[in-house]
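Participant: Please put together the full structure from these sequences, using the hints given.
One-letter residues, chain by chain:
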Amino acid sequence: METNPAPAISSHELSKHFDGFRAVDRISFEVAPGEIFGFLGANGAGKTTAMRMLCGLSYPTSGQATVAGFDVYRQQEQIKQNIGYMSQKFSLYEDLTVLENIEFFGGIYGLTNQQLRTKSEELVTTLGLQSEAKKLVRGLPLGWKQKLAFSVAILHDPKIVFLDEPTGGVDPVTRRQFWELIYAAADRGITAFVTTHYMDEAEYCSRVCIMVDGRVEALDSPANLKQQFHTDSMDDVFYQLARGAQRGE
Amino acid sequence: MDAVTLEHITKTYEKGTVRAVEDVSFAVKPGELFGLIGPDGAGKTSIFRILTTLLLADSGTATVGGHDVRTDYQAIRNTVGYMPGRFSLYQDLTVQENLNFFATLFDTTIAANYALIKDIYEQIEPFRDRRAGKLSGGMKQKLALCCALIHKPTVLFLDEPTTGVDAVSRKEFWAMLGQLRQQGITILVSTPYMDEATLCERIALLQGGKILSIDTPDNIVRAYPHPLFAVKTDAVHSLLHDLRAYTPVLSSYAFGEFVHVAFRQNQPNNDAALRDYLRARQHTGIVVKPIAPTIEDRFIELMTANSTAAHGN
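Residue numbers (the numbering used here), protein chains in the order written: chain A, 5 to 253; chain B, 39 to 351.
Keep in mind that the hints are not guaranteed to be accurate.
As the list claims (entries may be wrong) - For lysine-lysine, the following DSS-like pairs were computed, each having C-alpha atoms within a straight-line distance of at most 25 Å:
hint, chain 1, residue 1, chain 2, residue 2
1, B, K53, A, K138
2, A, K230, B, K327
3, B, K190, B, K67
4, B, K209, A, K230
5, A, K93, B, K327
6, A, K139, B, K53
7, A, K93, B, K190
8, B, K53, B, K67
9, B, K270, A, K230
10, B, K178, B, K190
No lab work stands behind these hints, which were simulated from the structure alone. These numbers were taken from a predicted model, which means no experiment stands behind them.
Facilitator: Following this line, the structure appears as structure tokens:
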């Protein structure tokens with residue numbers, strides 16, 4: 005009855021050890037195309053290490069994983085071409101203008117000049133940045149920077165976009181507008197893999213994976229997790245799981 | 039006498055083109071736990087740097103412990119504790135060495151004020167010979183707090199101590215602040231997390247260098263002016279679109295699994311009419327219930343009311 009499209013991300017017993025320390029310990033999950041997948045965990049739970057492997061930036065110690073159908077051991081370059089990435093820390097070049105940033109990142113992802121022109125115009129209009137297009141990114145309010153950074157991260161229509169705490173420090177209105185951009189991207193079929201420390205944002209995900217000490221301790225929809233942990237808030241679900249953690253960052 | 043006062047403080051950068059703090063005035067009472075709540079760019083760090091005498095305001099006056107920040111800066115530096123947003127201890131000194139260093143700077147010893155830091159220090163004591171640079175984020179934070187407390191300051195300034203910290207560690211940190219408050223230390227703390235506001239005695243909501251409101255958390259939410267409901271249906275995304283197209287609705291923002299909906303007018307049939315409207319739009323699993331606003335509701339309301347350039351709906 006159901007057709008099972010190839011998963012956007014598939015991880016099986018994926019592990020990463022540093023000198024015997026199990027930073028990521030046999031994590032398994034699948035993320036469906038167009039899904040908004042929340043990836044939560046306390047500081048030091050292994051989120052960043054796991055994300056680096058999935059982005060093709062570091063080799064696993066053991067286990068298997070594919071991202072956009074490409075193998076994390078053998079096809080790292082293909083993975084990089086098929087994903088977008090944005091974090092609170094790294095997003096855009098501050099000393100380039102809005103348009104220059106779009107051109108730069110579009111160029112890296114191999115967009116043609118024609119595509120770049122169309123995309124730039126479209127993006128600037130959608131975000132209402134017409135009067136800022138030729139200004140340096142440095143002068144933009146943080147919220148606009150983050151929305152622009154997200155739009156640039158999906159400029160090349162990647163299969164998956166990785167968002168590492170994209171809304172940290174952003175005002176409450178912009179934070180919500182940011183999530184609407186994620187929804188819109190998901191409607192276009194782009195899979196979003198998101199980390200956040202805001203537990204209300206965990207509710208906006210179709211499914212949430214919670215890591216504790218390198219392992220996946222819970223994985224389900226927010227509604228099912230709340231039911232399972234007998235509570236009405238994701239904050240409490242997270243607290244129940246993460247307070248048992250043995251290790252810090 | 040107030041522990042901290044600011045009167046009409048303004049601070050600009052880049053030759054006056056960037057207005058970081060605009061005409062900000064407030065006072066913190068002795069022993070109070072006072073929160074500056076706002077996103078990045080609200081002016082929180084500039085205010086901290088002015089009060090800790092690391093930065094001069096363009097105009098206005100400010101005092102800490104009765105000392106003027108401009109003329110009495112030396113007295114202020116001797117009596118306040120400051121934990122900046124960025125980790126600022128010596129990475130290549132050990133935990134013990136950092137603590138000793140700061141105690142010596144302030145002409146005191148760890149032993150003299152041990153009672154104050156005991157509860158926090160005990161958690162990092164097993165790592166006392168580890169270099170600060172090799173500590174975990176949570177441990178660094180605890181060490182920084184110990185160093186800021188080692189000379190028994192009268193006022194403690196904590197600039198975004200919980201930013202980027204997970205929900206469990208955030209709870210622990212606030213529990214530590216509660217204990218410090220019982221020891222009579224005045225604490226000025228900033229945070230971008232609206233849910234932490236309720237843990238303060240009084241708060242100032244800040245946005246774009248301006249104060250939106252100052253009061254107790256209870257009074258701030260009580261002043262929310264609109265009838266507010268939590269709304270949920272089986273189709274969250276189309277729900278937002280439909281709510282925005284519905285004229286009686288003033289604003290609608292996602293809050294976790296619900297959308298918080300404010301009505302323009304206080305009509306007794308607001309909720310029933312909304313249910314009918316959503317049913318007509320083919321929504322199923324409709325929940326509409328009146329709720330008490332949160333700090334974040336009030337912040338959004340003040341922020342959008344005060345800003346003509348607001349991009350909210």
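Participant: Of all the hints given earlier, name the ones this structure violates by number, lowest first.
Facilitator: 5, 7, 8
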